[in-house]
Each structure stands twice: as C-alpha cells, then as structure tokens.
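Novice: Respectively, the protein sequence lines represent chains A and B. In terms of our numbering, the first sequence opens at residue 92 and continues consecutively. In terms of our numbering, the second sequence opens at residue 92 and continues consecutively.
Accuracy of the hints is not assured; some may be wrong.
Since the list can't tell identical chains apart, any single copy or any two copies may satisfy a pair.
Okay, derived cross-link-like pairs now, DSSO-like style, lysine-lysine, Cα gap no bigger than 30 Å in a straight line [as the list claims (entries may be wrong)]: (1) 540 <-> 710; (2) 383 <-> 264; (3) 139 <-> 165; (4) 413 <-> 264.
These are computed hints drawn from the structure, not numbers from a lab. Computed from a predicted model, the values in this text were never measured in an experiment.
What follows is the residue order along each chain.
There are 2 protein chains.
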Amino acid sequence: MSSTIHSTDEEHQTKEMDIRSLSSSRRHPQNAPHIHKVGVPPKQNLFKEFKATVKETLFADDPLRPFKDQPGSKKFVMGMQTLFPILEWGRSYNFTKLRGDIIAGLTIASLCIPQDIGYAKLANLDPQYGLYSSFVPPLIYAFMGSSRDIAIGPVAVVSLLLGTLLQNEVDYKADAEAYRRLAFTATFFAGITQATLGFFRLGFLIDFLSHAAVVGFMGGAAITIALQQLKGLFGIQNFTKKTDIVSVLHSVFGAAHHGGKKNKKFFWVPAIAPLISVVLSTFFVFITRADKHGVQIVRHIEKGINPSSVKEIYFSGQFLLKGFRIGVVAGMIALTEAVAIGRTFASMKDYQLDGNKEMVALGTMNVVGSMTSCYVATGSFSRSAVNYMAGCQTAVSNIVMSFIVFLTLQFITPLFKYTPNAILAAIIISAVLGLIDFEAAILIWKIDKFDFIACMGAFFGVVFSSVEIGLLIAVSISFAKILLQVTRPRTAILGKLPGTTVYRNIQQYPGATKVQGVLIVRVDSAIYFSNSNYIKERILRWLMDEEEQLKSSFQPKIQFLIVEMSPVTDIDTSGIHALEELHKSLHKRDVQLILANPGPVVIDKLHASHFATTIGEDKIFLTVADAVSACSPKLVTEV
Amino acid sequence: MSSTIHSTDEEHQTKEMDIRSLSSSRRHPQNAPHIHKVGVPPKQNLFKEFKATVKETLFADDPLRPFKDQPGSKKFVMGMQTLFPILEWGRSYNFTKLRGDIIAGLTIASLCIPQDIGYAKLANLDPQYGLYSSFVPPLIYAFMGSSRDIAIGPVAVVSLLLGTLLQNEVDYKADAEAYRRLAFTATFFAGITQATLGFFRLGFLIDFLSHAAVVGFMGGAAITIALQQLKGLFGIQNFTKKTDIVSVLHSVFGAAHHGGKKNKKFFWVPAIAPLISVVLSTFFVFITRADKHGVQIVRHIEKGINPSSVKEIYFSGQFLLKGFRIGVVAGMIALTEAVAIGRTFASMKDYQLDGNKEMVALGTMNVVGSMTSCYVATGSFSRSAVNYMAGCQTAVSNIVMSFIVFLTLQFITPLFKYTPNAILAAIIISAVLGLIDFEAAILIWKIDKFDFIACMGAFFGVVFSSVEIGLLIAVSISFAKILLQVTRPRTAILGKLPGTTVYRNIQQYPGATKVQGVLIVRVDSAIYFSNSNYIKERILRWLMDEEEQLKSSFQPKIQFLIVEMSPVTDIDTSGIHALEELHKSLHKRDVQLILANPGPVVIDKLHASHFATTIGEDKIFLTVADAVSACSPKLVTEV
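All chains, please: the whole structure from these sequences, using the hints.
Specialist: In structure tokens, the structure reads:
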C-alpha cells in the first residue's frame, strides 16, 4: 500500500552516517541508494484511536500517571493527596517556611481588609460580606489548592461584574435581601460551574478567552472602577450606578462644580500604605468628627464571623435561573483570573499547576462560600503579587490571612465605623490601577495586530459600554480569530535555497529559487471541511498566477505541481474530496499532482480513500527534494 | 536581528548546484560553507498587513482581477457580465448547445412537474405553489447564475424543513392564509440571507457544515420523507404530522392493520418513469373513478401562472421575526445544497464557480420568487444529475424547463385533478432515496471516524427526532471538531531517517532514530491562545517521558530540546508567553531550547517580542539537521 521512494537525490548524502549504527561504526557503501518509503503507521483499531483522542483532549496532563503500578492503600493515600495537596506538602513543612508564610500572610491581611470592604461596595453588598469572603474561601483553598502564591478573596473586577449583573435583575436599594440572596445563589452556581469544569476536565474551555482579550478587559474594568471610585474620593452624592465612562465622567464633572473642593485634603493618601492610612484616617475622622461636615464614612460593619446562608440560596423560583446565569459568567471570569495568576507564579517558581484540579478547589471553595455568606472569591492580582514578594512559601499564608480576618471580624469591625469612604476609594483605585498593563498592551501591539484589536475591543467595550459588552466583544473577537485560522490557512510557494536541498517560502527567503516547470506549494494547516475548498482554490490560483507570469516572460509552462504536505497533520473526507477535485482540475490542464511528505494520519487516509492509487503511489514522495528530482529528470542529469 | 546559520552540515551538499545559476553554470567552490540565515521577511506596514488579511479572508478568489487595467466602458460591460453571466456565455451560444439544452430542459421538466406537486405537499402548501417555484426562480437563475448544470426548483429536503418549521408557528389547517403568508416571508428572508452572504463575501460560512454532516443530514431527511410518503402510497388517512421515525412507523403499522390492502395495485409504479406513470395513472383513475373507491387524488390545482404575492409578505408584526428566523435556516440549507451541487458539476466539467456570485444569484431568485408566490427554491440533486446526463450545455435548459412549467400552469393543470397521490408519493420516494449516499457514508467511515460520528449524529438526529435537531447536531459536531483542532494540535517526536538528514515522526517511520542527548519535537499547528498552554505542557510531558525512559535504561540525559517549527505558521502573544514559560522551565532543568525553521510570521514575532534575544539568536536554525549538528558537536565530529 505504501509508496516506494528512491532517495538517490541530493538530499541524502551517501557518505552520511546512520546514527543508529554509530556504535558499530557501520558505513553505507559509497553511492548505494538508500530506500525510504513514506511510512504508513501501524493500523490502530477504532477503540484505541478514540481512546487516544479522548485522552489527549481531556486528560492531556495524564493525571493518573503517578497512580500506575501502586498498591491499593497507596492509591487511596495518593488520591487523598491529589484532592487535598496540603497532605502532600504539609509533611515537609518546617519552621523556615512558616516564618515566610506568617510575614506574607500578615502583609496580605493588612492589604485585604480595606480592599474587601471597598470591593463589597462594588458588588453593592454590605462591607462585612467582603471580609466574610476573605475568611472561609482562603481556608478551603489552602487545603485543596495547589498554587503556593495565590492570595484568595474578593477581587475588584469580579465584584464589579457581579454588582452590574445582579443589579440588572434586582435593585439592591429596593430589595436588599433579594439582592443578597441572588448574590449567594450566583456564588453557589459560580462554584458549581468551576468545580464541574474541573471535574469533567473541561478546563481548556477557559483558554478560549485569549490573553490579549483578558489584558484589555482587565484594563477597561480597572479604569471603570477607578472612575467609579472617584465618587467615594470626592464624596459625590448622586453618583451614577452605570458603569460606562460617559455617565461616570458626567457625574464627576457635574459634582466638581458644586462640591469638589471639600475633600481635597485626601488627595495625598493613595501613596501611603493602605492599612496605615485607614487607621490614621479613621482616627482622624473620629477626633474631628469630619463625618458631621460631609465626609462619607463606612458607618456600620456587622460584628462576628460568617453566618450560615444555606437557606438564603434560591433553589427554586425565577431567581434560580437568573442566579445560575450570572453565576456561570462570574465563575468563568473568576476562573480565568485565578488560573492566569496561578500559572504566572507557577512558571516563576517552576512548579506544575494542574488547571483542572485548581478549578475543583476554587469551585468547592465558592460553593462552601455561598453557604457561609461569602460572594464569589478568586485569586487577586494585587494581593498575590504582594504575597509572592513578601516571601510566601505555601498556601499557609492564606490561612494566616484568614486568621487575621477572623480576628478583625470578631473584635475590631466596630472600629471601622469612622473609616472614611474616600480612603477606601483611594485604596481600590491604587489596587486596580495595577491591573492596567500598559507594557503588555504595547507588546501585544508589537507582536500581533489582530490580538491588539481584540485587546482594544474588550477595553473600549468595558469602558464605553459595560462589563458584559466588553466581555462579549473579547470572546467574539477571540472566536473570530479561531474561525479565521480554520477557514483561511496560509499557503506558500517554496523555492530552493541555493547550495542546499532545502525548500523554503520564497517570501521569507528571497534568495530561494523556483524550479523550472515545477510549482511547489506548501499548505500550512490540516485540511478540513472548513478550509478544503479554500485550499483547493488557493492552490489553483497560485498555479494560474504563476502560469500568467511565465506566459508573459515566454518561459516553459508548469508541468508538475508539488504540494508539500509536512504541515498537513490531518485530512478529513472533505479534504480528500478537495484533493480529488484538485487532481481532476490539474489533469485537465496537463499538470501532474505530486505530494511530498504526508504525515502518518494523512498517508493512512490517502490510502483508505484510494486517492493514493488515483494519483499513483509513485507520486507521493518523502521530501520535496525527492519529488523535484523525480519529476524533473533534466535537473537531475544536470546535477 | 536575524540569526546567522552556518550550513556546513550534512544536509547541504557542497557539490550541489544553485538552481538560479544553472544558466551561467557557476559552481560553488568545493567544501566552501554556505551561509543561510533564517529569513526575516521585509517589514510590512500595518495597513498593508490588514488589507492582505481582509483580502485573503473575503476576496480569496480575487474577483476584481479581470477588471484591472481596463478602460471605464469596458469595466461597465464586465460588471454587467459579472452580475449577469448570460451576457458573457450568451454571445458564444449556438445551435448545437441549444439542442442539448432543449433535450435536457424537456427531461428535467418531465421530472420536475410531478416532483413539484409532491414537494409542495411536503411544505404543507397547495400543489400549484410547487409549480410556481419551478417557473420564476429558474428564469432568474438562468440570467444570473454561473453553474451550467444545476436544475433550479423546489427540493425535497428544504420543503420538508420549511414545512416543519412553519407548522411549528402556524397550523396550516387552521389558518392556511397565515401559513402561506409566513412561507412567503420566510422565502423572502431566505433570499435576503443568501444574497447578503454573497454580497458581503461571507460565503465561506457555509463551509462550516461539513460534507459528512451534510451526507448524514440528507440521508436522514430522505428516510424521513420516504417514510412520510408511505402515507400517500398506502392512502393512510390519519397520518402523523410529526417527522420522527417513531411516530411515522407507528402510523404506518397502525394503518397496515385496517386498510393496507386496497392500494397494492400501485406497488409497481416507482419503477416506471415519473411523468409516464403520472399520465397513465391519472388516465386510469379518471376511467375507473378509483377516487370514489378510496384512492386519494390531487383534486384541485389552481390554473394560471404565478399571482403576485408582494402584499402577502409580513413586513411587520410578530410574524416578521418568525419568518426571518425560518428564512435564515432554510436559506442556509438551500444554499448548502445548491453550492454543493454547483461545485460537484463544475469540477466534473472543470469550470470555475464563484461561490459568492452564486449566492447573490440564488438570493435574488428567492427574493423575486417570494414576491411571485414561490417558496424557497434551490438546486435539486436528482434533477441536476438528470440535467447533466441529458447533455445540458448552459442554464438555457432551466429556461426550457421553466417554459414547459409555464405551459403546464396555463393549460394542463386541470388534468392533474385525477392524479393519484400514491403516484406522487412513489415519485418522491424514488427521488429522495437517491439522496441516501451509502457509498459516501462507507467512505467517510473508512477515512475519518470523527466525520462518521458527525454523519451519523445528523442522520439519527433527523430520523429519530426532527430536521432541526438533526441540523443542530450536525453543526455542533462540526464545530466541536474545529474546537478540538484548535485546542489540541498534534505534536510528534522526530527521529533521523538512517542514511539521510531527514527528520521524521518516529511513529510513522519506526526506522527513524533518536539523537543521543537531543529531543526533537515538532508542533503541528499555529500556536495561538487556544492551544499555547497545551503545547507548552505537551512538550514538557514529552521531555519528562523521555527522561524517565532514559533514566531507567541508564542513558545520558537530554541536554537539548529542538522544537521543529516548520508547521507553526503563526504565533500570537499567548504563544510567545508559552514559549517564554517553556524556556524558563527548560532552563531550570538544564535543557537548552532550540528552534528550527520558524516561518516568516513567526520569526518576525520572535524578534518583535525579543524572545529571539532571550534564547539567543544563535539558537534558531534553518533546519533540524543544522540544529542537531550545532548542538551535538560530538556527532558532527564523528561524521
């Protein structure tokens, strides 16, 4: 079935050595032809093939690999360790690590407390819910998560997204209880979504939100949040609830006219460390009673740790579906952020992170969170970076932070009564401005213009419209790019690099020369139904262009069309049809179709469909050089 | 910026000739090293790049090519010829062609008249609407279409689809007028959809319905229609309106009990040519008055040509949206069928078919049709094949057919009164059974198992559920395949073919040998956000697998990882990030990352992102062989 290739051409040096025979120092006799066939891989049965595909799609990371060849009891221990990585790394935990973790934990706690109070307001929830979400979820994560650097808790972008989506359904001012219950419902389903994706190993779905789109989305959300926080910073009363920049700017400039002056003394605060400024400003307000002169303060934070909220989740009624929908969106965004952070730090410290396991951990943490009065928590960019820089060693830093939050909830929340909103606003602004990644945007511009469009689309979508629209634009552009990739693959005309037998794209290598009477086209993609017609027509168009040129310069016409198939990793029935049609069209033009280096899957299918027989098995070659030397004997004799 | 490559390795024979210098017979001095760089293509500006992408996506067939360098008046003439191809081929029309077209036209007319009457019933419309749709649309198509072989008119699958979708909205028995008006509305929007796709050159969107899915869908629809027609064939009274096989079989077997016998005399008819059997059976019924003994007959067909239906189209109200939705679906399916037919015959006779122009023609024809009491018309498989075999030369055969239908409508429709429904049912069954393409299904099974799943999914979806569900399954599976392709590209370990410098997949070429201390991985896809993480992790996994094996056999560890980038046609920012992370991970393991043969776009982006500098420009090679010889000097010295 497979075609026999004589490789007496220039590419195969007769003096060259067989690597396999290095040890025996056996040499091929001079000038003897080496015979290589285009390999047909051993036939696999359907079940094996299917199993391999499923494995590669869903279990690409081979999660069961360490379980192989282990006794039953060991398997159980390993299973528990897989589910709770703390059982594994906990055994080698020591005092040095604890010291690092305590310092890091205290640092992120001091950062998270003011942030949490502010973020809860972004989600239109009372301040204590932010603190609740920094108590339970980090604890759960510490036992189940495998990232050592991520800091768990509420984050700005998810809070804003959740606030916007929930407010679309229930007005938090009109019905605070329904709003809060819907928030817990959404959190529950966010967790379920995350855990499900992880459990069914569908984590790769979040890869469909491209890096560029995330950069744009985050930047846009950061700007929107920062502008919204100007409300708190200036103490503007009737600030817009809408998230688009026009309404925000309108409110800011509107307010600047009547009452923009009185809070100017707070402009210096963003530079000071968050907690210190909170403490100082709270004390200051308490002493001066500035709240009586127009300074907005927190007023009230509920004391005590998380109450149960199991009964508040809507498991029926019209809010069930709404909560589910909001939860899925918020859960996916939270996941994207957490996985991006996890991956970044894992690659910095070079440890492996199992994305699917992470999702199960994050999902469980949010499900438990939804039952203990928390809203969607995830990994925070700003706090994770601080955690890393403060020298965290393991997830114990999250436990330390959680403990500090617990103490805060138990004992000192009443003290936050006089904390001015402006200071919280300033803290949020300084936190979210870190999300605007100018360097990344510039790099994206330099590397890939299409990515830049996705990035800007998401950015302007969020800034000028809303977080949902921005998200929609980001996902749409990402998908458009994938569709473009699968419908319009690249093709290239190859030429011979002088002095070699290497054939390369003549646009990349202007020195590469075409072979007379032969047109060599490389197809740079698997040939599938989505692109088979395009590829066929593109190849014919290359041929027509070439023939036109040759005709105008009175050169001999093309007799052989070599299709370099190296990058064609797969072909389906539509692809085979397209090749058949190409063969027919070429036949009518007296051009011979020749294939070079089809891969294992392709050669298999060429045989299965009898296309190999149709064009002749002697028309399939191992390399372009082989094909050229076979189809242009004149050139061969001249060499 | 570009890396310099010394090509003194085995791949570049010093005795070899530079093709460019063949004429001058200049030879490179023996043993002089040839220097080749990895080419960096000339920098294009953003606008040019963007323009090229848009051109390749939307204007891949370069439709304006013939217009170049033509004077204004000539451009106008050519523009008219583009819109109305008849102006072009009409000039070389002659008597020989006319003879072929008349014979073919008469043949397809004799086939279409009974089919039309039957298909109209599939769409729950009165029989004359089928004939109307074979009068106006073929005329329009003859002037605007570029296929020479397609036969235009109502077709079975679209009629069934339209009937099902319309019936979901309005019951044709309860409100025949509203039903008919909705049918015209749907037809109008089907035409608009088709013309719009063509005009905006989005024709490639229909490529997303894969060949395999179409085969399955058509087969399923054919079986459903055939089973439904058993109603007419057996004369069963209370037949189900549902299209799923369970209800159909239930009705058939239910009816078989009480009244299955009386029409057995009609079992012989499907073998006889349609029109003759219609004439004979009509005559037979008229003589015997079998209609009085339970034989169902057509009863009434309106006489006269198409009345105007402009005012019947819903341009407002709730039916506007419904008609639009149904029209889009029906229009897409009709388009898929017509384009598939057009392409098949175009490749058989080797002429070019402009898909987008075809869509404009089909769309215009349906828009005009919707205003002249026609429902969605498209190219018919059965009649186009007959047209081709009867020796049609141009679209004039459609004009001839249209003329015969005109005569029929004007003069002989009353004669169809006594035509038995059973004969129409038999004609439809014999027509649709041709849509069941067993050979294609078997070939699909042989070539591509995944395609076969799509095919069977569509088939069983239609047969056991409904045409919409079948269609949904077909589209979903097609998309799943694309997603799989972009998220899980193939990778392969390369080995050296003994006696050559060619490196190939060791699974395909078991004779290929690995190079000691070097792992060569080929990535078989562009590296995009959707697969960049997978690719990075897959490469690391290859490395870990390899090192495990080497460790167990006490062989030296891997020092160099060569990534063969030939098939990597593009890379985006996420891809660059993945490479950076790969580089870091490898660095920690003391493995050197080396790239071989990055393409023009990739090398450009490697430089733009400074990744080329990060890994060192001397780590980027023209070929795998260059890379191997550079990174394993031991092997080089031994050779």
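Novice: It remains to establish, for every hint, whether it holds in the given structure.
Specialist: So, going through the hints one by one against the coordinates:
1. 540 <-> 710: between (40 Å within a copy, 26 Å between copies)
2. 383 <-> 264: within (24 Å within a copy, 75 Å between copies)
3. 139 <-> 165: Only inside one copy: residue 139 and residue 165 sit 29 Å apart there, 62 Å across copies, limit 30 Å.
4. 413 <-> 264: Result: close within a single copy only, 19 Å intra versus 39 Å inter.
The structure fails none of the hints (numbered hints given earlier).
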